[in-house]
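Chain residues, written in single-letter form:
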Amino acid sequence: CVICGNAWRHEVMKWNGWGYSDSRFLFNKKGQAEFTGKRYKLSGMILPALKDWFEGTFGASLQHKSPATPLLNTSAVQAPTLNQDFVEELKSIGVPFSHEAEDRAFRGHGHCLHEIFALREGKIGRVPDMVVWPNCHNDVEKIVALACKHNVCLIPYGGGTSVSSALECPPEETRSIVSLDTSQMNRILWIDEKNLTAHVEAGIIGQDLERLLNESGYCTGHEPDSMEFSSLGGWVSTRASGMKKNIYGNIEDLVVHIKMVTPQGVIEKSCQGPRMSTGPDIHHFILGSEGTLGVVTEVTMKIRPVPEYQKYGSVVFPNFEQGVACLREVAKQRCAPASIRLMDNEQFMFGHALKPQVSSIFTSFLDGLKKFYITKFKGFDPSRLCVATLLFEGNREKVLQHEKQVYDIAAKFGGLAAGEDNGQRGYMLTFVIAYLRDLGMDYYVIAESFETSVPWDRVLDVCRNVKARVVRECKDKGVQFSPLSSCRVTQTYDAGACVYFYFAFNYRGLSDPVHVYEQVEHAAREEILANGGSLSHHHGVGKLRKEWMRETVSEVGVGMLQSVKDYVDPKNIFGNRNLL
Amino acid sequence: MKASDRDLRGMKDDEFVDILEERRCSSDLGHAFRTFNPQPYKGGPPCSAADLNKALLDSHFLHRVVKEVAMETGSSQEKVMEEAGEILVEMSHNLHLPFIRLMGYTFSKVIKRLFTSIFVNMDGLNTLQQAVQENPVILMPNHRSYVDFLIISYILFTYDIPVPVIAAGVPLAEMKIVGEILRRSGAFFIRRSIGSDKLYWAVLSEYVRGIVRHGFAPVEFYVEGLRSRTLKSLTPKLGMMQMVLEPYFKGEVFDITLVPISISYDRVLEESLLARELLGVPKPKESTAGLLKASRVLQEDYGSMQVNFGQPLSVRKLCEGKINRSYYNLVPRDLPMKPSAEALACVSWLAHVVVGLQERGSLISPWSLMACLLIQEPTTVLAEQGLLWDDLTEKTLWLRKMVLDFGARLNWPGEAPNSAVMSSAISLHRSIVYLKAGRVYLTQEEVPLRRHRISPEEGVFRTAVPVLMLAAYRNQSLHALVRPAMLAMSICITRSTQRDELFRFFCFLQEVFANEFIFIPGNLSQDFEEACLCLNSCGAVYISEQEVRVSEQSSEVITFLQKLLQPFIDSYQLIFRCVCEEEQVQVFTEKQFLAAVRALALKLILSGELHTYETLSSDTQKNVLSALCRLEAVAKLRTSEINEFKVNKAAVRRITDALCGKIPPQMLQAPPDARL
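From first to last, the protein sequence lines stand for chains A and B. Letter 267 of the first sequence, counting from 1, is numbered 267 in the UniProt record's numbering, and no numbers are missing. Letter 410 of the second sequence, counting from 1, is numbered 410 in the UniProt record's numbering, and no numbers are missing.
Hint data in this document are derived by calculation from the structure and do not stem from the laboratory. Certain hints may be false.
[Unchecked claim] Just so you have them, the derived chain B footprint on chain A, three or more residues with Cβ under 8 angstroms:
| # | stretch |
| --- | --- |
| 1 | 419-425 |
| 2 | 525-533 |
[Unchecked claim] Calculated cross-link-like contacts (lysine to aspartate or glutamate; reagent style DMTMM-like; alpha-carbon spacing at most 25 angstroms):
| # | chain 1 | residue 1 | chain 2 | residue 2 |
| --- | --- | --- | --- | --- |
| 3 | A | 571 | A | 85 |
| 4 | A | 123 | A | 518 |
| 5 | A | 475 | B | 334 |
| 6 | B | 338 | A | 518 |
| 7 | B | 42 | A | 476 |
| 8 | A | 332 | B | 334 |
| 9 | B | 322 | A | 85 |
| 10 | B | 322 | A | 526 |
| 11 | B | 322 | A | 476 |
Built from N, CA and C at the ideal position, the CB exists for glycine as well.
Construct the complete structure from the given sequences, taking the supplied hints into account.
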């Protein structure tokens, strides 16, 4: 594994932004945007349209920079509060650990805007007092036992991609906080080809898991947008959802067996039966427990043979309403491709701004023709049209058949096929979009995304009202420039859909931009809930959305969860205070 | 205009423009055929009236109700659906630009003849123009005359703003030709008594919601429900209000914009008709022939008309913290559902807020101020000796200063000398009073020649007509005076200086007179505070933490304000007495009640015991009855076919005693909801 060595992880990764250190957007001397590095398809490319879009959309200017503090000032990190007895015993069992400022600061945050914003300003809040790197399930058992014995607070750490403030250390915590980094537990322990399952250590990172399984001709098919960095254990404890869940299912459909170490001991099932009627499924206490009950150490997951054929596609709709109607029909006929996503007009425009420099006159001519065909010949209003991106997978013949079925449905809703390229670019963008936030932050633009799930009959209402609410709140809170407020439908279900929102604004002139942003996000969540959307589809609750848990799962529901916590972890060893 | 002149006119900084000025110097035909190209609503693609109707008939909501109705009545679904279609045909508008043009042309001709000027506030129109692009807009004018009906459409057409669809009563639709013209000018028609007709409710509510949801056009309706015969605001009706707001409650639109519109008249076309109706001459049925006959009213001068477009209100902002929209989360969107109690309270509150803003936006005319003073004179004096013109003018100027201190909006022409303003007001209203030899007299209809003498009762009614007209014009100012007047009345009746005691009585008065004067529910303390500040601003009282003390030198203000409300107190007391009088009678019908009150009032006016003619007004009488029901001193019997009422005499006597200060008032209702 390349990136998960303990001491040098943060040499490959940014300490105050998203992803790899070598990959970032910047405006070069000519004022053109480019994406550095070699890792992505977009790497090394010039994006000529991005500057105009960026300046036009946000009223930002390349003249007004807000650069980040370049290096972590280790003296800004508080000296660790160590529990000496715990440290001594830890040494005796031989588990590696560190109390270096860099290691601790790196594991004290996720990727919420306020977390990254503070880091860029060089502000470091409460961070773990030490980091431990268990190597296997047994190590974890020992660490948890020691933590109980010495009353130390443990916070499990997987890929660090949380967007719910789940990794933030509770400021009121007075005990020594130990970050339990699972990155060394990254092996596939066995593959069972008869049952098509794989037994994997929970610290493995998504892309490593897929790559290693691919070598044996398999895949899990679980591809959350964060899969380059997020870990299996993290997926389990947040109830993650993958892009291709239509074929492979969400994490709760994929796991067959989970092993978790809790202060009360290890919890696991005794067999790998595909379904059981043995009271409430104990897996569901673990799935979504957000590190409050224990550490997930090993997981048995379903695997599938790598698909023979993949095909991207895209459809342009005259407006968002038609697009949603089409997705609804696709869900009704239960013929959703591996992935189907519908972007609204703002995101469609944004996607265009990210088109790399076209290499030949012929392609640009072709683009011109397409645009002419759609807007003039078909009469689509460029300020209303929107696009759906598609990904089909499977046996070649069936894919083609499936593709035809979906395009036929789309046509009924005024959709026009818009090519494979647009589709493929759409999916590639999901991996680079997180890097773009860092670019924005270099120029006074802050951005965040949030998601929800909602019944079909409210999808349009939620989209419209939340977008409008964001705009109105920004205006009311004194944001000087009109914000970007955009959404897309990213998953379809029988009874509803998952909707993803993006918002971003230029914060020049605001004295406390993060506070404004938090108020806007809070208002947007209230709007979602008032319109029948859920608190979260897959990001989880963490500490960011805790205040709404009671109204979300009812008083009794909260009591149930609390009583489980009280039994499993009476001393609150897993004291990250997420969820409840 | 100098700043001080502006202040005296009380029009504040709003730019009021006379829209007739341009009509008088350019062609009406040109106006009617002007390019009409308003900025549309941005929230969705445009749709046609036919699309709306189709969407309604296809809606899951309607189909659910049709199914239910078919089950209940035992007829087939097709049949019920057909019925729904017929209801829709009767109801739906057919907004059509050529007809707007035709209407505009005719309207130009008519209003130029009727009015010398029509003032409209331009900044209000400008904000409206912006608002219609952002959210569905509900135009909510007050209703004082039939002229109100198309004036808004006319103004919006003139200023390139989408013309509204307007809720109207079915009787208007039944008028030959006119009904069709109205329909094509955007009117949609609602039956007067819908009762429990489930299918009708379903079609109507879904129809209205559909218009709002699609942002098809601004929706105009009268939240007071009816034309006010007394020129006073009426208790808002909530049915329509609830229908237009529901799309917001359900999250089907991001926000809804309410625009209160205040229409004020120097002189109301229907003035004498209204007074007669109040005295018991029934309203003629709307008919085209009747309309043509009424054309003689076109020969007269009605002065100017003012249309004041209020600041657009965001329903979302107003409802913040008042309503939990997730109420609808667990049921299908199109399931017919009773709104939550919270939503109903919010609808009522909003409706009252709008009526309050309509009042505050109204412009008070010089004549209305004069009417406040004239009606305080004993009727016999006014009819026989007359009132000294100089006294009247002096007092009017005094009153003008006072209402300006109270923050009212006034429409006092700044260009002419004050005396000319007042005498032209008198001559505009010669149907009520006339000026002769330095004195002002009440105008009375001449006795037909062939009749030698009239009975005393007839005499009373003859006098009552101009007096009730006078009262109506007084009512145009009441909204600005009622709060301080209630405080003044509290001071006079309780003879207390204690703030809390006064507040208690003030609340009691609001409660008793809730049908006469519109107050926003839950706003008692603010109303009381405002009353104190008003009286303080004109030097009538000193206020401190605990006390409200009358200053010796300006008892004039207190006396005036007390006398302003006295007719209401007198009428209510008399009717209370009437209800309690007859020994055995416990149960009566509304008809019996009205007859008994009228007989008693007539008798006491003739004997000189009752000084106000307003007791004769059926409006007052009905208000008292509903006040008694509200205060639970009278109960409506649900069992009987005809409306019967049962009286609790002890309770009525308690209110009577409290109202004259014999016993302290109890809070008669539960304290208002703190959230409202």
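| field | Broken hints, by number | value | The structure breaks hints 1, 5, 6, 9; every other hint is satisfied.
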